[in-house]
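Number of protein chains: 4
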Amino acid sequence: MSRNNNTWIITAQCPSQLGTVDVVTSFLKAQHCYIAEQHSFDDKRAKRFFIRTEFEPQTEAFDAAAFRDGFNNRAAEFGMSYELTEPGFKVPVVIMVSKTDHCLNDLLYRHRTGKLNIDIKAVISNHPDLEHLVSWHGLPYHYFPVTAETRSEQEEQIWQVVQETGAELVVLARYMQVLSEDMCKKLAGRAINIHHSLLPGFKGAKPYHQAYDKGVKLVGATAHFINEDLDEGPIISQKVDVVTHSDYADDLVDKGRDIERLTLAHAVSCYAERRVFLYNNRTVVFSR
Amino acid sequence: MSRNNNTWIITAQCPSQLGTVDVVTSFLKAQHCYIAEQHSFDDKRAKRFFIRTEFEPQTEAFDAAAFRDGFNNRAAEFGMSYELTEPGFKVPVVIMVSKTDHCLNDLLYRHRTGKLNIDIKAVISNHPDLEHLVSWHGLPYHYFPVTAETRSEQEEQIWQVVQETGAELVVLARYMQVLSEDMCKKLAGRAINIHHSLLPGFKGAKPYHQAYDKGVKLVGATAHFINEDLDEGPIISQKVDVVTHSDYADDLVDKGRDIERLTLAHAVSCYAERRVFLYNNRTVVFSR
Amino acid sequence: MSRNNNTWIITAQCPSQLGTVDVVTSFLKAQHCYIAEQHSFDDKRAKRFFIRTEFEPQTEAFDAAAFRDGFNNRAAEFGMSYELTEPGFKVPVVIMVSKTDHCLNDLLYRHRTGKLNIDIKAVISNHPDLEHLVSWHGLPYHYFPVTAETRSEQEEQIWQVVQETGAELVVLARYMQVLSEDMCKKLAGRAINIHHSLLPGFKGAKPYHQAYDKGVKLVGATAHFINEDLDEGPIISQKVDVVTHSDYADDLVDKGRDIERLTLAHAVSCYAERRVFLYNNRTVVFSR
Amino acid sequence: MSRNNNTWIITAQCPSQLGTVDVVTSFLKAQHCYIAEQHSFDDKRAKRFFIRTEFEPQTEAFDAAAFRDGFNNRAAEFGMSYELTEPGFKVPVVIMVSKTDHCLNDLLYRHRTGKLNIDIKAVISNHPDLEHLVSWHGLPYHYFPVTAETRSEQEEQIWQVVQETGAELVVLARYMQVLSEDMCKKLAGRAINIHHSLLPGFKGAKPYHQAYDKGVKLVGATAHFINEDLDEGPIISQKVDVVTHSDYADDLVDKGRDIERLTLAHAVSCYAERRVFLYNNRTVVFSR
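Residue numbers (the working numbering), protein chains in the order written: chain R, 35 to 322; chain D, 35 to 322; chain E, 35 to 322; chain W, 35 to 322.
Warning: the hint list may mix true and false statements.
The list treats identical chains as one, so a pair stands whether inside a single copy or across any two.
To be verified - 25 angstroms max Cα-Cα, derived BS3-like pairs, lysine-lysine:
1) K240 - K81
2) K155 - K219
3) K149 - K289
4) K133 - K289
5) K155 - K133
6) K81 - K124
7) K78 - K124
8) K289 - K124
9) K149 - K78
10) K237 - K248
Derived by calculation from the structure, the hints in this document are not laboratory data.
Given these sequences and hints, build the entire structure.
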């Protein structure tokens, strides 16, 4: 494995300026930290800088609090926000689903086998159907039914679970309810949704049926952050599969399942490895 | 090679009904024709049948005229339109371009090396720039400049070349002028255009810049038949390539060139091998 | 869905000769069967013919036994072996595994959600580890430990399960034991194995470590029929994923899991839909 | 474009040790150079460090000679070899071909349209066939015929052209002659070859025919550095395409052409952008 139990990650972003990389790397050197892999990018249009560094402290007594204390001032000078991720850290996650389970099943499998750096705190659904599957994995399942009238109360319930579990990330693994504008605001930048089309193509409902009607030769899926504009949030990952004249709309739905779960798993994996940066309505994704 | 100099192709379509395959295959057997490869498909929604058959006459004296005479009555019973393509047939083609030459260069190369079953009769452009390239390949180049005022005269010139050369197919290899509705009607179903996006996403001008603004992680191209509704014609082929945050709009333009020329070449190749069927606003493409 | 509860499939192969397609299609017409999709191919080197036809009887009283009775003579004339598959038929399958469960989990999920036309009769393993997973899916689990000394007895146990369950197909979903030559013979053509490399590259043990040592930029997986020559059986499906310098051998193992399960699921799905034909050491796969 | 006419590139490698990134970045900061994009990687098995940095001097009077003078000492302390590449630099290249021109044509096209940062100094062939194509692009063509007896003299001629043109890189664009061990040594690490298989699978002659015989479902190409062991040099890029039972060996040859030229162009492009690092028998490729 490229990362071991001594590998820390520091990620940061700030306005473009001279010395942005150096502020991180010179500090790491001073702290006797060896850099195993580093990627930086400067968006020339947005004039914004991004960096992700995997490093290994060369002293046994590496002290994260002292590291932060020392680095805070330097970061402040550059207007830099940063995040320090410790070895083996797993992102606390709440997953939301409805009845369809192909994305959920995939995330649960990767979670169970330790191949995704997430810690699933709870699964929330507006239907009772998937409790059995979730329980088998030893995870809490919250069934919060919802109608047009009870939406705000239900979203309050959801929000409470997110708060109480300390979830950093919410994953909408085919949750088929439209979230209120207020909920979208609360979740902006901390919730990843899977949409079953290559956004911005085929926004809205039944994208595979739209795709069939257009006679496309490719279908795809988009994993994106939630923002206030439904189906328009910043894109993290997109994948496609080939289809033919012989695939009716229902076949596209079937074929799409593999693409959806692979795309969502990829986005969540990138997020959990601190490879995703959000700014304006865009993402930087430092892939392997 | 799967096809040799004795391989004929018969393609046909008609309304769905009992005996559609048999009408073709029993006739082929009666004519002592061996079927090397066959593909048929019935669109259950449109209730329409499609078939493509590669066959090899087992008698030396195979007579295409007699074959047609014999088959016409049977086809008529089924409301079947069909086409018989002789061994080594090359589709007479007129290519239209503007200044950008990546698609043209690719088609010329495949044509020159005999890897595309087309016979390029002429290249038409609204700019003089690409004459040198076309002349080197020994092909006629028509420079027909156009302004808003002269569009109908210029399209008349184009149409005349199409007529005089006997072109069956017009290939718009990045021809950057909008065609009149009248011209679109004339070319409907017999002209293939390459659009530099995954239609119906990013219709209209500057699709790569639209794609950049949306922060997509994939760009693509679409080869489609021309119809009256610009950028909405029946899709023949679509391909994609991966892009990252590090690709600015100009980089997408650069990356897109390979996808565009591969997608267009694929569509033209499928057409030339009689693998493409057009109906309603869709295509059937029997790929290898 | 392209197939409904009235869609039968007939598949056949025989030596190349005049009238091979007609023998099938004229009989179907005579039986008042409508052909929804058909694909035939003639291997010119092997001089062997293959056909797959989806058809829908237009009479309510379609009688499969009578169909077979009627067709047997015609097939015999052509030296044609054929198979008639009824609507909704699911292939009886026995799955064999060791400790690794990514392929098994994937097959169980597709089976549970009805997306794979197989009927899993039993799972056999040389380890007890995966019983919990299999039991949760309500399927029998046979733990047959094996040592070099007990191989023939253990294979006898396996064979007995295959016989008793009436399994048509055995799927080796990362079964990490070498089968005896005798067992390979018994399973030849009726067992699909997943090998974690692009065969014939990286045969034998630890293919990802071999791949890492060679510094490849792609890894892949191969689903193939078992035959007597280990890792040399006829290939059904192959898929790849991109890797980089940053992926160590263990990372390749991780990345490979998705490719392995998608490749195996694809091969099993093609088999179950009667799209795979075996001859000499090759396959014909009529994909959608 | 991500790079403009003020973008310099520094690339370096050295043994793994504390401070490897800092030695580069702190110097760049001291020289008032802004880092636009940076990628570093440490191979933990080989204990070797690699870095590629795109930077923009913020002072008008940036002096490359002074930069080198200043950096040499620091680099020496780390045992670091480095390369400084100026804005707009094009790698001087000699291309070698035989009769097949699909890779050559592709490289010439990209060169002509300015999409590949190479400066083609000459094309060398053991056949006269491609002179016309090369001359049309205004480039020198050397026809050096070769027989088993004249190999060493011919290779001497080649080497002289490489020397005289100051070529940094030799591209073997389907040069179908085996090079002598001596020539391989001379070209080791500075010549890129395209092999028409997914090495190490199907080494040696006629790889597509080998692939056909094995019944593979994917074919591919490998661009690799030349070393003394033919077909075993360090891999830079690999790509694949799907094939079916319907593709005979000759069809694989045809299909492979697109993959070959895309793979070779990708490798040459990565090299020209200073994204490729060679060590032991491996490469690091920092892709976009």
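Hint-by-hint comparison with the structure:
Taking the shortest Cα distances, K240 and K81 sit within 25 angstroms of each other only across copies (23 angstroms), while inside one copy they are farther apart (38 angstroms). Taking identical chains as interchangeable, the C-alpha atoms of K155 and K219 lie at most 25 angstroms apart only when both belong to the same chain, with a minimum of 22 angstroms there against 50 angstroms between chains. Both within a single protomer and between protomers do K149 and K289 lie at most 25 angstroms apart by alpha-carbon distance, with minima of 24 angstroms and 10 angstroms respectively. In this assembly of identical chains, the alpha carbons of K133 and K289 lie at most 25 angstroms apart only when taken from the same copy (18 angstroms versus 29 angstroms across copies).
When the C-alpha separation of K155 and K133 is checked against a cutoff of 25 angstroms, the pair qualifies only within one copy, where the shortest distance is 19 angstroms, while the shortest distance between copies is 27 angstroms. With identical chains, the CA atoms of K81 and K124 are never at most 25 angstroms apart, being 31 angstroms at best within one copy and 28 angstroms at best between copies. For the homomeric pair K78 and K124, the shortest alpha-carbon distance between copies (24 angstroms) is at most 25 angstroms, but the shortest distance inside one copy (33 angstroms) is not. Taking the shortest alpha-carbon separations for K289 and K124, only the inter-copy value of 19 angstroms comes in at or below 25 angstroms, while the best intra-copy value is 31 angstroms.
For a Cα distance limit of 25 angstroms, the shortest separation of K149 from K78 across copies, 21 angstroms, qualifies, whereas the shortest one inside one copy, 35 angstroms, does not. Both within a single protomer and between protomers do K237 and K248 lie at most 25 angstroms apart by alpha-carbon distance, with minima of 14 angstroms and 13 angstroms respectively.
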